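Take these sequences, add in the hints, and give me the full structure.
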Amino acid sequence: MKALLERKFRLAEHQTDIRTEITAGVITFMTMAYILVVNPGILSACGMDFDRVFAATAIASAIATLVMGFYANLPFALSAGMGLNAFFSYTVCIGMGYSWRWALTAILVEGIIFLLMTFFNIREAIVNHIPASLKKAIGAGLGLFLAFLGLQSAGLVVVDNETLVKLNGDWFKGGSGAALIGLILTGVLLIKKVKGAILIGIIATTLIGIPLGITSYAGGRYLPSAPYFFPFAFDEVFASGKSVFDFLVVLFTFLFVDMFDTIGTLIGCASNSGLVREDGTIPNCKQALLSDAVGTTAGAMLGTSTVTTFVESASGVAMGGRTGLTAVTTGILFLLALFLKPLFASIPGAATAPALILVGMMMIKPILEIDFSDYTESIPAFLCIIFMVCAFSVSDGIMFGILSYVAIHVLIGKARKIDKMMWILSAMMIARCAVKFLL
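Each residue of the sequence shown is one higher than the one before, starting from 93 at the first, in the working numbering.
It cannot be assumed that every hint is accurate.
The list that follows gives simulated cross-link-like pairs (lysine-lysine, DSSO-like), each with its CA atoms no further than 27 Å apart [unchecked claim]: (1) K258 with K512; (2) K378 with K100; (3) K285 with K94; (4) K285 with K457.
In short, the hints are calculated from the structure, not lab data. All values derive from a computational prediction rather than experimental measurement.
Right, here's the structure in full:
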């Protein structure tokens with residue numbers, strides 16, 4: 093078995109071993125297992141069955157992540173994207189009044205388009221032609237985004253009408269207090285170079301939460317429910333001219349956000365794992381993007397919203413995950429989760445928050461490689477980072493980074509230095525802004 097895994101995933105070549113890869117896969121799963129409960133909760137708001145969406149989310153995540161592991165040999169995991177699921181449920185279904193079957197039809201078409209774009213190397217070309225300074229900014233911005241997500245998950249940072257966000261007044265109590273204890277504990281374990289420090293921190297914080305009342309057995313059935321199967325409504329799409337127009341607008345929105353969320357996560361995680369080549373390209377990039385396209389298509393067929401590469405993959409990368417064995421481990425755990433829903437639903441957000449915060453700290457390192465004395469590079473990089481965090485959107489951060497990069501080079505008379513792909517991406521960004529006005 094050891095020899096087989098070595099040949100398949102080239103562990104020695106990537107300076108890793110089986111134990112490290114499996115531990116990294118478990119950590120990745122633990123930090124993103126919340127999606128198994130959160131995604132069905134969001135989609136059930138528009139009339140979908142919670143248990144069937146749970147099964148669809150677990151199976152689609154497993155399919156996409158296993159493809160990533162076996163085909164791309166990269167340590168990244170995929171599942172139903174946050175933000176995209178909210179857009180699906182609250183904007184398309186509840187806001188615009190369309191059925192969830194109508195929305196899933198848009199997801200299916202999106203997945204097919206992504207398959208074609210990947211086959212013709214269009215998405216890979218986008219990744220490879222983003223300037224080096226913006227790639228570093230995406231990695232750093234992703235780290236801050238992840239840390240902010242952790243602070244919110246812990247309840248340490250809360251929404252405030254006057255200051256937008258602020259420190260929770262009860263930051264030392266309940267889940268916030270447990271998260272702080274877990275943060276300190278995990279930090280000490282990392283400093284001491286303890287193997288599996290983040291995983292130990294998640295388990296310890298979960299246990300600490302029991303007497304504090306934030307960790308409790310969720311209960312419920314262990315036998316999995318059946319997902320949906322081909323739940324589409326093409327007849328509803330073509331029912332009227334307005335429906336067709338709205339379908340195209342929604343389709344473009346799904347395409348844009350998914351594309352740049354995936355690209356941002358792929359660049360950020362690859363940069364922090366040392367996988368980026370000297371020429372700035374990512375090994376097996378096409379295969380990685382195909383995993384995303386397969387996941388989205390399979391997810392639509394099973395009954396869940398857009399599947400995308402998860403930023404939480406950085407937690408496994410931070411613990412040494414370098415090959416597809418990390419992803420395969422995570423994918424297998426998604427399948428096992430079908431039979432262990434009550435157990436995984438019992439892990440509180442406060443337990444995974446310290447991992448997200450500390451991994452975010454690790455990911456901001458690329459910011460040191462940005463030349464801040466060259467404003468033509470540093471201003472777009474900074475805007476990419478700050479909008480990614482403050483707008484709480486990876487795709488919006490990339491949008492402002494690219495648009496400002498092109499605008500600055502045009503205004504200072506260096507338009508000839510702009511790559512052709514950057515012009516195309518800018519046109520896509522402007523089109524996306526126009527589409528948002530139509531929603």
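The hints, checked one at a time:
Taking the CA atoms of K258 and K512, the gap is about 42 Å. The hint is violated against a cut of 27 Å. For the hint pairing K378 with K100, the CA-to-CA distance comes to about 18 Å; that is within 27 Å, so the pair holds. Only pairs whose Cα atoms come within 27 Å are accepted, and K285 paired with K94 is accepted, the gap being roughly 25 Å. Note on K285 and K457: the hinted pairing holds, with a Cα-Cα distance of about 19 Å set against a maximum of 27 Å.
The structure is inconsistent with hint 1 alone, although it conforms to all the rest.
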